[in-house]
Amino acid sequence: MNIHEYQGKQLFREAGVPVLDGVHCTNVEQALAAYDELNSEVVAVKSQIHAGGRGKGTLYDVKSGSIVMEGGVKIAFNRDEVEKYATNIIGHRLVTKQTGIEGKIVNNLYIESGCSIAHEYYLAILIDREEKSVLIMASTEGGVDIEEVAESSPEAIHKIWVDPAAGLLGFQKRNLGMNLGLSGSALKSFSKMLGNLYNVFNDNDCSMIEINPLVRSTDDEIIALDAKVGFDSNADFRHQKSWVQMRDISEEDDAEIRAGEADLSYVNLDGNIGCLVNGAGLAMATMDVIKLYGGEPANFLDVGGGANEEQVKTAFSIILEDPNVEGVLVNIFGGIMRCDIIARGVIAATEALSLEVPLVVRLAGTNVNEGKAILAASELNIHPADSLADGAKKIVALIGGGE
Amino acid sequence: MSIWIQENSKVLIQGITGKQGMFHGEKMIEYGTNIVGGVTPGKGGNEVLGVPVFNSMIDAIKQTNADASVIYVPPPFAGEAIMEAADAFDIVNGEGVIVCITEGIPTLDMVRAVSYVNDRPGVRLIGPNCPGIITPGDSGGCKIGIMPGHIHAKGRIGIVSKSGTLTYEAVAQAMSIDEGQSTCIGIGGDPVNGTGFIECLAAFESDAQTEAIIMIGEIGGTAEEDAAAWAKKNVTKPIVGFVAGSTAPPGKRMGHAGAIIAGGKGTAAEKFSAFEAAGIACAHDPSEIGAVLLESLKAAGLR
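Residue numbers (my numbering), protein chains in the order written: chain S, 1 to 403; chain R, 1001 to 1303.
Careful, some of the hints might be misleading.
Subject to a maximum C-alpha distance of 30 Å in a straight line, what follows is the list of computed DSS-like cross-link-like pairs (lysine-lysine) [unchecked claim]:
| no. | chain 1 | residue 1 | chain 2 | residue 2 |
| --- | --- | --- | --- | --- |
| 1 | R | LYS1237 | R | LYS1298 |
| 2 | R | LYS1062 | R | LYS1010 |
| 3 | S | LYS291 | S | LYS372 |
| 4 | R | LYS1252 | S | LYS63 |
| 5 | S | LYS291 | R | LYS1252 |
| 6 | S | LYS74 | R | LYS1252 |
| 7 | S | LYS313 | R | LYS1027 |
| 8 | R | LYS1252 | S | LYS97 |
| 9 | R | LYS1043 | R | LYS1062 |
| 10 | S | LYS192 | S | LYS241 |
| 11 | R | LYS1027 | S | LYS372 |
| 12 | S | LYS228 | R | LYS1252 |
| 13 | S | LYS228 | S | LYS97 |
| 14 | R | LYS1265 | R | LYS1233 |
| 15 | R | LYS1019 | S | LYS313 |
| 16 | R | LYS1252 | S | LYS313 |
| 17 | R | LYS1265 | R | LYS1237 |
| 18 | S | LYS56 | R | LYS1252 |
| 19 | S | LYS159 | S | LYS228 |
| 20 | S | LYS97 | S | LYS291 |
| 21 | S | LYS313 | S | LYS372 |
| 22 | R | LYS1062 | R | LYS1027 |
| 23 | S | LYS228 | S | LYS241 |
| 24 | R | LYS1252 | S | LYS159 |
| 25 | S | LYS159 | R | LYS1265 |
| 26 | S | LYS228 | R | LYS1265 |
| 27 | S | LYS192 | S | LYS228 |
| 28 | R | LYS1154 | S | LYS372 |
| 29 | R | LYS1265 | S | LYS291 |
| 30 | S | LYS159 | R | LYS1233 |
| 31 | S | LYS97 | S | LYS56 |
| 32 | R | LYS1232 | S | LYS159 |
| 33 | S | LYS241 | R | LYS1019 |
| 34 | S | LYS228 | S | LYS56 |
| 35 | R | LYS1010 | R | LYS1027 |
| 36 | R | LYS1265 | S | LYS56 |
| 37 | S | LYS228 | S | LYS84 |
| 38 | S | LYS241 | R | LYS1252 |
| 39 | R | LYS1265 | S | LYS97 |
Derived by calculation from the structure, the hints in this document are not laboratory data. Given the structure is predicted, the values throughout are model-derived calculations rather than measurements.
The shape of chain S in the complex, shown without the other chains (with noise of 0.2 Å):
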């Protein structure tokens, strides 16, 4: 999960993350009351979404589509240029590099202070899942594009690797430092922020945090002037008073989050075959072999390995709703989850739903036969397959598709 760049700060800030004052506004008015509070000589005014690249990205305008500003961070030097900025970006679809061509809308903004700037530098704290461990990774090359640094000076990344037993050791916050070039004041100020932000991380069941730039103020002070912050999701039922409540639902997708909330993993994509599978693996490798013979999938969807009848409709229901959907595969390897049971849920959703595309039904594994008969049965137009390539040639030559 997760969140917003002011409310990021607003931890970091309870931790003792050194952050700049800073107000979170959902209208213009209350950016040119933040202005006047802030009583700062220049603010940053910040397109608050879930996604990178903000300041690179374009606005536009939501109805006519015509482009309202470049960049949706802007610094602004008196109150008229936060009003111009505020109304640029409040309400109007950003989009950059993370978001795809369809943007999110701007509903939160965040008017910071500024602040002398030094030098800008690039800090990370991650789960390495090679190593196993939590990875610290710092660069003097701030501000810019982390994967671009990586590719063309990787020696100007430097790593830490905290021991799960022993936690962050001191001198490994002072050799992270030093390898920043930093030293004084600058190095202390540096070593206790860097231990208040694995706290944070730690403490948050964090899964990334990412702070791009970290900043030396001129008066040798250790700024996070931006913070992007991940949770893991698996450690929601401990943050149900914290982070949980932070969760911006708006940011999320309408159709993944009623799969969410009927235990279905699922992710929309652009093609035009939907698919219903059991298990994550076989989901994706579906969804890889429609393409294999010339399909476009439309989603990911993994119903899980004791699904009942129940979630199956709701599966059927989030898939059909996509109005890119031509038709559907299903794709079941019983396990413990019988071939019998899903085709009854099969054919329930289907009268409920009144399917009107082209359906594939591949089953496999435990009371195949059954499942199968109990398919055959039915009036409905549903088409049987005996291998997920059978059932993926099935289904694109039945909504015309393919070679």
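Fit chain R to the given chain S structure using the hints.
Showing chain R alone in chain S's frame:
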């Protein structure tokens, strides 16, 4: 032989009195798994599924001399269940296999649990978020997990996979050319897990029963690339590979917590090319795993 789990291995169920533990416990016993007891704190002294329940893993291992345990404990408690098992196996026997089925364990819990297990070199963790491990026998066998037992048969193919149902697909593909399995292992789809591909490949390579290997990966991380590079140097037996997620968009989690292309890394295309560079025979459609396996067996003079 097989790897890590023998046909008659003695197995404990952690969370035996829970819904999942009871349901799958019964299925494992039906298959022929030698379930010797279970653990649910506070329910020791009872009997469930015809086996004794203990209050702690250390009691259970001392009383039953178990070789392995399987965890069906809910996510908030599963990380600690792994550590309890690791501690008990280490103290009592100096070794043991822990299979954690639970899906949804917080990643930082797994970071701690894996580190704890790795401090006890005789203890092996498989999973979490996996179907488990199965060694089919001449009749029955040892099934530790949630996979459908009846699709398997004893044979010479070792299977290792990050996915559940896709593993069953691979088993069915092997069976379609009359090839049974030595051992099938689901290593799980979480970002931080226990046993990885390389350890499985190493064990299959030195196992006399295993003559060929099927390896199934998915997007996210670089475990497949690392395993391919390792296999090129160290594995002489034929390997057939598949990677799920060629069509997955970047930045989106595809069901499994670990199945995500992040920062342009972990794509299926990279993994397939690492497989190919290592001489692994790739199937681009799981329905072709059987045919590709048959080719590989023929090329190696095994058919």
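Report task. Run the structure past the numbered hints and jot down the numbers of the failing ones, going up. Result -> none
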